[in-house]
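*Asks:* Each chain, letter by letter, is given below.
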Amino acid sequence: MSIEQTPTAVSVADKTPVTESKKRQKMVSSENRRLSPGQWIARVGWRHLIAIIAVIYAAFPLVYVLSASLNPKGNLTGSNKLFTTFSLANYEALLTNPLRPYGRWYLNTLFIAGTTAILTVLLGAMAAYAFSRLRFAGRRAGLMSLLLIQMFPQLLMVVAIFLLLSALGDVVPSLGIGSAIALILVYLGGALGTNTYLMYGFFNTVPMALDEAAKVDGASHARIFFTIILRLVAPILAVVGLLSFVGTFNEYVVASVVLGNDPKQNTLAIGLFQYVSTEFNSFWQVFAAGAVLASLPVLVLFLWLQKYIVSGLTVGAVK
Amino acid sequence: MSTTLTEREKRGTRARETYSSSLTAWIIKILGLGAVDAMAVLGALTAASKGAWLIMAGFLLIALAATLIYLPPNRLLPGKYLFPGLVFLLIFTVGAMIYTVWVGFTNYGDGHNGSKKDAIASIIKQNQARVPNTPTHPAAVAEKDGKLWLVVVDEKAQEVKAGTTDTPAAKVEGAEMNSLGAVKALPGYRILQFAEISKRSQDVSALQVPLTDKPEDGYYRTTTGSQAFVYNSTIKYDSAKDTFTDPQGVVYTDNGKGNFATADGKTIDPGWRVSVGVDNFTSIFTNKDIRSPFIAVTLWTFAFAILSVFSTFVLGLFLALVLNDPKMTGQKVYRTLLILPYAFPAFLSALIFAGLFNQEFGFINEVLLRGADIPWLNDPFWSKLALLLTNLWLGYPYMFLVATGALQSIPEDILEAAKVDGASPWKTFMSIKLPLLMVPLAPLLISSFAFNFNNFTLVFLLTRGWPQFTDTSLNVGHTDILISMVYKLAGLDGSARHDYGLASAFSILIFILVGVVSYLGFRQTKSLEDVN
Chain A
1 MSIEQTPTAV SVADKTPVTE SKKRQKMVSS ENRRLSPGQW IARVGWRHLI AIIAVIYAAF
61 PLVYVLSASL NPKGNLTGSN KLFTTFSLAN YEALLTNPLR PYGRWYLNTL FIAGTTAILT
121 VLLGAMAAYA FSRLRFAGRR AGLMSLLLIQ MFPQLLMVVA IFLLLSALGD VVPSLGIGSA
181 IALILVYLGG ALGTNTYLMY GFFNTVPMAL DEAAKVDGAS HARIFFTIIL RLVAPILAVV
241 GLLSFVGTFN EYVVASVVLG NDPKQNTLAI GLFQYVSTEF NSFWQVFAAG AVLASLPVLV
301 LFLWLQKYIV SGLTVGAVK
Chain B
1 MSTTLTEREK RGTRARETYS SSLTAWIIKI LGLGAVDAMA VLGALTAASK GAWLIMAGFL
61 LIALAATLIY LPPNRLLPGK YLFPGLVFLL IFTVGAMIYT VWVGFTNYGD GHNGSKKDAI
121 ASIIKQNQAR VPNTPTHPAA VAEKDGKLWL VVVDEKAQEV KAGTTDTPAA KVEGAEMNSL
181 GAVKALPGYR ILQFAEISKR SQDVSALQVP LTDKPEDGYY RTTTGSQAFV YNSTIKYDSA
241 KDTFTDPQGV VYTDNGKGNF ATADGKTIDP GWRVSVGVDN FTSIFTNKDI RSPFIAVTLW
301 TFAFAILSVF STFVLGLFLA LVLNDPKMTG QKVYRTLLIL PYAFPAFLSA LIFAGLFNQE
361 FGFINEVLLR GADIPWLNDP FWSKLALLLT NLWLGYPYMF LVATGALQSI PEDILEAAKV
421 DGASPWKTFM SIKLPLLMVP LAPLLISSFA FNFNNFTLVF LLTRGWPQFT DTSLNVGHTD
481 ILISMVYKLA GLDGSARHDY GLASAFSILI FILVGVVSYL GFRQTKSLED VN
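Protein chains in written order, with this note's numbering: chain A, 1 to 319; chain B, 1 to 532.
Just so you know, the hints here were simulated from the structure itself, not pulled from any lab data. We put the beta carbon where it would ideally sit given N, CA and C, even for glycine. Careful, some of the hints might be misleading.
As the list claims (entries may be wrong) - Computed list of lysine-lysine pairs in DSS-like fashion (alpha-carbon distance at most 25 Å, straight line):
#1 Lys184/B to Lys50/B
#2 Lys117/B to Lys214/B
#3 Lys147/B to Lys184/B
#4 Lys327/B to Lys117/B
#5 Lys116/B to Lys307/A
#6 Lys184/B to Lys214/B
#7 Lys327/B to Lys307/A
#8 Lys215/A to Lys29/B
#9 Lys332/B to Lys117/B
As the list claims (entries may be wrong) - Listed next, the stretches of chain A that the computed footprint assigns to chain B, with coverage defined by at least 3 CB atoms under 8 Å from CB atoms of chain B:
#10 42 to 54
#11 97 to 108
#12 127 to 140
#13 152 to 163
#14 170 to 182
#15 216 to 228
#16 245 to 253
Said to hold, decoys possible - So the derived label-pair ranges between C-beta atoms look like this:
#17 Gln227/B to Ser277/A: 43 to 53 Å
#18 Ala209/A to Leu77/B: 43 to 53 Å
#19 Gly178/A to Leu64/B: 44 to 54 Å
#20 Ser282/A to Asp110/B: 45 to 55 Å
#21 Gly138/A to Gly188/B: 24 to 34 Å
#22 Asp421/B to Ser277/A: 53 to 63 Å
#23 Thr470/B to Phe136/A: 34 to 44 Å
#24 Gly260/A to Ile410/B: 47 to 57 Å
#25 Leu299/A to Leu307/B: 38 to 48 Å
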């Protein structure tokens with residue numbers, strides 16, 4: 001299903017001939033040429049009004065936080081007067097605080113979310129390929145199990161994950177509590193599930209004739225998978241990669257439990273929460289600066305890949 | 001998806017032309033498999049050296065399975081593609097679920113952390129005093145392998161012994177004595193000088209070297225670094241009878257629930273981890289201190305999830321209907337702006353709204369409501385409303401997007417027919433559009449419900465579950481949902497004592513609730529029929 005505007009049939013009402021003056025033509029856009037001002041208001045004008053109100057509603061917290069980040073006053077009250085001052089002092093304070101290493105948090109988050117997204121796409125695509133292209137005993141049961149397991153997100157097992165990693169960390173410290181690698185491995189436990197199912201549906205739309213032609217040419221299964229199939233399903237790989245990246249970027253509970261108490265190990269979600277949970281009022285605008293910078297990678301990715309995401313959403317993925 | 005068949009075929013042809021030699025692929029495979037096996041075997045050896053047999057078995061199993069699946073070429077193909085994802089799934093999702101269920105039936109938590117052997121050793125350690133009428137031993141503190149060692153001269157047995165807190169004292173050879181009879185040099189060890197000892201006096205006085213490998217035999221300890229004494233527990237452990245006896249002669253026996261206890265129920269801490277059957281569940285349903293917050297939290301969790309889905313759906317659908325008119329210009333721009341809340345990281349939105357809702361200084365009270373004093377976030381009712389309002393802002397774009405997609409797939413001729421028949425726009429919406437929309441949207445509403453049922457991030461970052469309940473001693477509040485309650489009960493936020501057993505019992509109840517809801521959801525959707 002695509003969100004892109006599909007051409008729709010012109011409805012009966014539009015076919016009524018309307019005499020128009022040039023003045024009216026100027027008032028309304030060229031597409032609405034055949035509407036009188038009264039008709040324009042009745043048909044489209046109120047829609048614009050509602051849409052504008054909705055846009056203000058959607059944008060105001062974001063505008064507010066941008067304004068707060070540029071206001072050097074420092075506290076919540078000072079943030080209530082929008083765009084009265086312009087200063088980068090908050091950004092400077094944010095990036096130079098040695099006790100709260102924002103730059104480290106940023107890199108940690110990009111590393112964890114990026115690695116998780118790439119490996120999730122790879123593992124999910126491999127599994128989807130097996131389910132879509134290969135026939136084996138337990139295939140149907142496997143697909144059903146994945147559907148069932150994905151109903152239980154990992155945050156429900158956060159206590160057990162903590163205890164498992166504590167035990168593992170006694171043996172291999174680099175895989176214990178406090179390790180970013182351990183956190184990535186935990187996230188990969190959720191790599192199959194929704195993703196595989198999403199990709200499975202898409203893989204099925206690639207004709208089998210392609211695989212068979214390649215096989216006749218003497219290509220191995222690995223070559224068919226890596227050099228043919230993966231290229232053809234690129235759009236779904238983008239969707240799954242992005243959803244995984246954004247999901248990991250936003251994840252708080254498992255990360256806060258697995259990464260432990262060292263401020264250098266924090267992700268943005270953990271670090272910025274500590275910013276406002278301890279000194280709420282006094283550090284508000286420094287936090288706002290942190291929020292503006294932190295939102296950039298996700299916002300850019302999202303708006304860039306908007307078209308793909310919408311198609312992914314309609315198949316049932318929730319951010 | 002716009003890729004057409006011919007484009008695909010072209011791309012496929014191009015791809016087929018980029019074949020490289022299969023030898024490279026084979027080398028990559030062998031190197032990769034070798035690396036995985038080497039790491040797994042290394043992990044297994046380390047685990048074995050620390051006595052962690054389950055973890056060792058896990059590592060060996062991974063190495064064995066990887067070798068069997070990947071070594072023979074062109075066989076077990078499904079295994080080759082499923083193995084990596086399945087390993088992680090089996091450990092960190094399925095394994096974690098099974099472990100949760102196991103922990104839910106134990107008393108695991110603060111005071112019940114380890115094995116019975118560990119508990120006995122730490123009871124003995126915690127109740128030590130110098131054993132009367134034992135000699136003073138000349139001693140020295142040494143360093144080896146980055147650890148502090150206590151080197152003790154046993155003058156009666158004419159032996160020099162060395163040990164650490166983890167290693168019982170054992171005889172060592174080749175020591176050189178100074179004039180006071182203490183050791184001044186020992187091959188392989190670096191003897192600490194007085195200045196260094198006083199600098200590390202805390203570590204030195206924490207040294208407790210077991211005399212033998214049985215903790216009940218006592219420990220060597222030192223205060224000055226030059227003299228050592230034999231310490232032993234004031235409450236005596238009798239390994240034959242498995243009892244503790246304190247100096248007053250009171251006997252503590254294993255009470256079967258992970259503690260040494262007297263007949264009238266007095267226990268010694270710490271205890272150890274033991275299965276307690278359904279005790280955790282019994283206390284959830286019968287202990288008023290736990291039951292009353294549990295009921296309130298469960299009701300709020302359902303209310304929060306249902307109201308969130310309903311409010312976001314109504315607003316999203318309304319906006320989709322408003323914007324979905326072919327005469328409407330600028331739809332793309334509006335759409336991009338309207339989904340901003342969805343594109344913005346959700347954890348940041350929760351934190352920003354926490355500031356907006358601040359009672360004294362927040363934008364909503366100060367500016368929008370012109371100096372109102374509404375206790376958002378400080379009052380049970382208002383903080384619930386604040387959560388729902390925030391979630392409306394966060395969630396409507398998703399509903400808007402999927403509703404727009406669904407609206408555009410409704411065939412135009414049906415709507416025209418309704419118009420010709422003279423149906424009002426409202427009637428057309430209620431009896432034609434809405435039922436047609438629900439077909440694709442119902443499963444998405446169910447998954448949105450499931451998502452909000454466990455929407456930990458929003459609840460914890462916006463209200464932290466506060467304000468607190470006043471009728472319970474537990475650290476749980478009015479806006480907590482089930483999963484944030486589990487997190488707090490487990491003590492993972494650092495604010496309370498750890499009770500993994502009770503928290504896991506709650507997790508099991510959530511599993512059951514989620515399972516039932518998903519089952520009902522599955523019955524509604526056709527997902528299962530798609531599996532063929």
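*Asks:* Each hint should be assessed against the structure and marked as holding or not.
*Replies:* Structure-based check of each hint:
For the given pair, Lys184/B sits about 33 Å from Lys50/B by alpha-carbon distance, which is inconsistent with the 25 Å threshold. As the CA atoms of Lys117/B and Lys214/B are separated by approximately 10 Å, the hinted pair is consistent with the 25 Å bound. Restraint check: the Cα-Cα separation between Lys147/B and Lys184/B comes to about 18 Å, which is no more than 25 Å; the hinted pair holds. Between the alpha carbons of Lys327/B and Lys117/B the distance comes to roughly 78 Å, so the proposed pair goes past 25 Å and is violated.
With a C-alpha separation of about 59 Å, the suggested pairing of Lys116/B with Lys307/A is violated against the 25 Å cut-off. Taking the CA atoms of Lys184/B and Lys214/B, the gap is near 29 Å; set against the 25 Å cutoff, the hint is violated. Proximity of Lys327/B to Lys307/A is assessed by CA-CA distance (about 22 Å); at most 25 Å being required, the pair is judged to hold. For the hint pairing Lys215/A with Lys29/B, the CA-to-CA distance comes to about 20 Å; that is within 25 Å, so the pair holds.
The straight-line distance between the Cα atoms of Lys332/B and Lys117/B is roughly 68 Å, outside the 25 Å bound, and the hint therefore fails. Beta-carbon proximity to chain B at under 8 Å applies to 7 residues in the stretch 42 to 54 of chain A; the threshold of 3 is reached and the given coverage holds. Figure legend: the stretch 97 to 108 of chain A, annotated as covered by chain B; annotation inconsistent (0 residues with Cβ-Cβ distances under 8 Å, at least 3 required). Evaluation of the coverage hint for the stretch 127 to 140 of chain A: fulfilled, as 7 residues show C-beta separations to chain B shorter than 8 Å, against a requirement of three.
By the rule of at least three residues with a Cβ nearer than 8 Å to a Cβ of chain B, the coverage given for the stretch 152 to 163 of chain A holds, with 12 such residues. Taking a C-beta to C-beta cut-off of 8 Å, the stretch 170 to 182 of chain A contributes 3 residues in contact with chain B, enough for the three needed, and the coverage statement holds. With a cut-off of 8 Å between beta carbons, the stretch 216 to 228 of chain A has 9 residues touching chain B; three or more are needed, and the interface restraint holds. By the rule of at least three residues with a Cβ nearer than 8 Å to a Cβ of chain B, the coverage given for the stretch 245 to 253 of chain A holds, with 6 such residues.
Hint check: Gln227/B to Ser277/A, Cβ distance near 50 Å, so the stated range 43 to 53 Å holds. The hint said 43 to 53 Å for the Cβ distance between Ala209/A and Leu77/B, and at roughly 19 Å that hint is violated. Our hint of 44 to 54 Å for Gly178/A and Leu64/B is violated, since their Cβ atoms are close to 30 Å apart. A hinted range of 45 to 55 Å for the beta carbons of Ser282/A and Asp110/B is inconsistent with their spacing of about 34 Å.
Between Gly138/A and Gly188/B the Cβ separation comes to about 57 Å, which falls outside the hinted range of 24 to 34 Å. In this structure the hint that Asp421/B and Ser277/A lie 53 to 63 Å apart at CB holds, the actual value being about 59 Å. One distance hint, 34 to 44 Å for the beta-carbon pair Thr470/B and Phe136/A, is violated here, with the actual separation near 58 Å. Between Gly260/A and Ile410/B the beta carbons are some 52 Å apart, a value that agrees with the proposed interval 47 to 57 Å.
For the hinted restraint 38 to 48 Å between Leu299/A and Leu307/B, the CB-CB distance of approximately 28 Å leaves it violated.
Consistency with the previously given hints fails for numbers 1, 4, 5, 6, 9, 11, 18, 19, 20, 21, 23 and 25, ordered from lowest to highest.
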